[in-house]
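Chemist: Chains as they are written, first to last, in our numbering: chain F, 105 to 441; chain Y, 105 to 441; chain X, 105 to 441; chain B, 105 to 441.
Treat the hints with care, since some could be wrong.
Just so you know, same-sequence chains aren't split out, so a pair can sit in one copy or run between any two.
Keeping only pairs whose Cα atoms sit at most 30 Å apart, straight-line, the calculated DSS-like set for lysine-lysine is [claimed, not checked]:
no.: 1; residue 1: Lys249; residue 2: Lys330
no.: 2; residue 1: Lys165; residue 2: Lys428
no.: 3; residue 1: Lys131; residue 2: Lys188
no.: 4; residue 1: Lys174; residue 2: Lys428
no.: 5; residue 1: Lys431; residue 2: Lys249
no.: 6; residue 1: Lys165; residue 2: Lys131
no.: 7; residue 1: Lys428; residue 2: Lys131
no.: 8; residue 1: Lys222; residue 2: Lys330
no.: 9; residue 1: Lys431; residue 2: Lys165
no.: 10; residue 1: Lys174; residue 2: Lys330
no.: 11; residue 1: Lys306; residue 2: Lys131
It is worth saying that the hints were derived from the structure and are not from the lab.
4 protein chains.
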Amino acid sequence: MIVVMRPGVTQEEIQSVISRLEREGFKTHLSEGVERTIIGAIGDKTRLRDENLAVMPGVEKVVPILHPYKLAGRDFHPEDSVIKIGDMTIGGPQIQIIAGPCAVESRSLLLEVANAVKEAGATMLRGGAFKPRTSPYSFQGLADKGLELLAEAREVSGLPIITEVIDQSSVDAVAEVADILQIGSRNMHNYPLLQAVGRQSKPVMLKRGLSATFEEWLLAAEYILKEGNSKVILCERGIRTFESYTRNTLDLSAVPAIKSLSHLPIFVDPSHGTGRRYMVAPMGRAALAAGADGLIIEVHPNPEEALSDGSQSLTPEQFAQLVKEIKPIISATGREL
Amino acid sequence: MIVVMRPGVTQEEIQSVISRLEREGFKTHLSEGVERTIIGAIGDKTRLRDENLAVMPGVEKVVPILHPYKLAGRDFHPEDSVIKIGDMTIGGPQIQIIAGPCAVESRSLLLEVANAVKEAGATMLRGGAFKPRTSPYSFQGLADKGLELLAEAREVSGLPIITEVIDQSSVDAVAEVADILQIGSRNMHNYPLLQAVGRQSKPVMLKRGLSATFEEWLLAAEYILKEGNSKVILCERGIRTFESYTRNTLDLSAVPAIKSLSHLPIFVDPSHGTGRRYMVAPMGRAALAAGADGLIIEVHPNPEEALSDGSQSLTPEQFAQLVKEIKPIISATGREL
Amino acid sequence: MIVVMRPGVTQEEIQSVISRLEREGFKTHLSEGVERTIIGAIGDKTRLRDENLAVMPGVEKVVPILHPYKLAGRDFHPEDSVIKIGDMTIGGPQIQIIAGPCAVESRSLLLEVANAVKEAGATMLRGGAFKPRTSPYSFQGLADKGLELLAEAREVSGLPIITEVIDQSSVDAVAEVADILQIGSRNMHNYPLLQAVGRQSKPVMLKRGLSATFEEWLLAAEYILKEGNSKVILCERGIRTFESYTRNTLDLSAVPAIKSLSHLPIFVDPSHGTGRRYMVAPMGRAALAAGADGLIIEVHPNPEEALSDGSQSLTPEQFAQLVKEIKPIISATGREL
Amino acid sequence: MIVVMRPGVTQEEIQSVISRLEREGFKTHLSEGVERTIIGAIGDKTRLRDENLAVMPGVEKVVPILHPYKLAGRDFHPEDSVIKIGDMTIGGPQIQIIAGPCAVESRSLLLEVANAVKEAGATMLRGGAFKPRTSPYSFQGLADKGLELLAEAREVSGLPIITEVIDQSSVDAVAEVADILQIGSRNMHNYPLLQAVGRQSKPVMLKRGLSATFEEWLLAAEYILKEGNSKVILCERGIRTFESYTRNTLDLSAVPAIKSLSHLPIFVDPSHGTGRRYMVAPMGRAALAAGADGLIIEVHPNPEEALSDGSQSLTPEQFAQLVKEIKPIISATGREL
């Protein structure tokens, strides 16, 4: 790390910082410029916090040099991670399209959607049994009954299942049914939950927090990886900005950024990322053109009656049209559906 | 709610929306302007989601009229809530000053700080036993051992205790020791945890999420209130903006906003809200001048060695100075410490 | 507009709002619900400000119904605007690719880039003669000399020219040389400048302000259109968010949003929009997949020596590669270069 | 500056960066750690841009060490600037309270407000003759006629005048009438205008841009100072965030931040900063408690009829009450009105 001293710093203050660093095992180098004195320090960063140095007398700021994540970064894992789910691969040349209703509402609806999206070209089925809702008065999901229906939908349609887990106590139950466990945006900072999904073996899709930086997101992935589960898929789903016309601002620069910083696969959710049905197809095309490994899309046969997120759900016909539109984009980027 | 129809809407589309509304028990009123037709609807909003109407053919947008929270709002609870903790009151004329280390690090440190802040004028002790940290490599707290030390510090100092709870499984253990349970910023959207603290009887301090609107924050409070626990204290602790000089942007307009929208008490945390030690006193003074019911301040005898948040911690001497500075502000607003 | 009254409003307060509205020529409709009374008002909005009603006794809030822009919106201009520049069209099936250096630095550099980007497939040349720079110590452009060089580059390369105008006094000089006048992000709210470019006849590319909503951006376009210049092209170039890894957050949802709200063409600037060279190609592909009418890209033969924005400039070779990559995307969306 | 090289960097790449730096007159120091090699460089930063180094092969990032502003910063001007306007001082122990209507609407209104705010305790009069409005259909101000009325109001009331200048062509006319020229938030990045007010001799109040960082704001001040005008007053007026309940988010941490980074005085505008009348008094109190040098407040005798910003204007009675409330706060901070 680099320690920048204030103008007018004394020799005692400088010496005191150097002693502190050397006591913790750092090698230091002092560089005295006309306007600022800086101290470079090389060593094991986990033994000393930037903030401890930052409050020492005479210190102006401390500049970190290394990324704070190790397992999620490319430094020690330069090649892309490819995750296998049955015959499917995630993060390789294959693009995966996940589709399904926001919430599992009923058996008939789920089976209808499962069959419709499969026919249209989806390769995986989504559906929420546990729903984290902003208002306590909103539909909170069918819970265990929802998991049963998802298991049936998988059997009937042959599609692998992804569904969200919202607390530690249901990780095992969800992991029994799901092929991928989803950690939603609201839980990206729920560290006990991240550790819990890190201790089971199913792949985990980690959605970006509403206001999480790339670095914080990769540190959340690090929580899962550190527990031993290497099968982490990231999913950009929009961040919160001042623009209120869209539900969130879908940050597609996350795709090249994550590809550069990390070896983990990255998906995009244009449904939550925009909150507006008419934007799902163009932003889905854009995500794949930017290099995303897959999409996750909300589909509901009757969005007017949906118990959750109706305004961003496609009908099965609209989803079939979207698949038709993304195929040439996928080819154009040298990948395959 | 108000349903605004698109230009060029057909009579069938209008009729279809009206029928839908009436089927759900709403009374409707049609108003046809030159540029837009709008449909007013009066009835029980919980039976129909805005988003379901929003996707009906011909609909441009749906405008909600009522606040989505009931128990947290002033409509049905116009007078201020005052919460009692022993002899202390929160939300009345008394101002409460909570102080202590970010994390409980050791017995000696905790007792030293407890005595120092008490002497300086603090009325309650803070300290984290369970620490939600952005990096898995950071100090995660002493857990149960930390709770024991907090219990001892209360006995020794006579100060009531506030400490954070980060998952459902430790709610009971924390509630046994703490006088107030804190829900941290990262867990404001952790609904199962909100419900769990809503089902126990100790007061809860609910910190504002990093990018939560006032409405979302009050809906989070609603989750707790709805379970039967009416003793909710809100705490503004800074929101995430583009400005990176401060750790967060402390939004003091939250104080008059919450006082206007809700009957719940509101505290301010200028330590996390700024992330910079030299700002804690001026922003603490400002918070009280704006009408806050109390402050929560990080104090550490040796911030250079703190295991968490050293750069925003005051020394006991700096805290004593802060108390001296806020006293005339408190008097100026007609309240008392 | 809709006026929502507070709970407990009196009949006098309601009557007073209605009288005020009717005095201004509005037709009103009163709707008294259990929890709120609302007053609908139909009439010419320009005669009364929402905010004047908002401060009347008993009023809780005022909800506008119509878009505040008329000329920029689709309501009265449903078909896409297509702008002609010589043989080229903007906003029709043709995609335009604008390329060139951030700043005009010298004759030789400009001519070298002009020829290189033309050969690689660019259809228009960019280059700044007047540079608005955050620091007064940064290179501020060659000014009039830069305009002369741009005129020469057009003659030599045959490419039309786009360049920025930063104050009213140079509008005429810039309009003499440029085929398109650019209003930069920092000047989107500079209304006297918008009016000045609205009073000349060359097309104007209006970049989105750093923190402008779609509505504010379209209102800025309205300033130009209202002066009589209908040839306005919008350009998304990234907005300011909490994420600092990218220079700005490129908001590609602007593409479908503007296509839905407005008839004006929309370009995307992935150079400023990301600030990172390696992101320009993927975000350029994504922009076109989302439906943008064109791209504007910074190209410099030697980014290490660029006087402005080196870190986001492509070399001519990288630009040629980008053109190769976007061609199949353009075909996939049914358009042509 | 510090240049951080990528993992796997070659000796040639390192040498190439060092040569480049030395060619530009920098002294360099090489530090090779296990995971990263870093190069420290000491010299005149204005000769080389970070971004030029950032694109050199092998470079991961460039970290600046010095503040980019010189004249606005405390490094070379440690003591507070105090600005004199007649008998008044700004930035010393005296607090100044500026009040008046958003826009100059008519002679009678302006004189009425001028007398009322003077009597209530205001020390300066505000009022806009040129109004930058988001919509071209909004009232744009009385222009030169407004300036005449301001001159008359000064004579009648004896209060000094502050009014906004929105383009270069009217700087002279405004400077003839105004005691302080205001640069509004939308023009903080209008560099030709900043230079123009820097070349005249009246004090300038520079409002913070809607999404400007402290650093960008101080760089805007630097544009004025660099032209020779040292009388710059900063004014925090709210920033744009995701929260839409308030018109802007008033960032009071700007007060201690600017006091720490700069020697310039800082005011706060709680009217624009909140957009809600009921918040003006509490946020005004808070601003002074945080250490602001003054307030600027919108006052209108009849906000229901105001041509601009009615919803955030105080009546003269409310303003008189505000002055009463801030007096004890001012005393509590050891200053005087």
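Chemist: Kindly indicate which numbered hints from before are broken by the structure, ordering the numbers from low to high.
Modeler: The structure conflicts with hints 3, 4, 5, 7, 8, 9 and 11, although it agrees with all the remaining ones.
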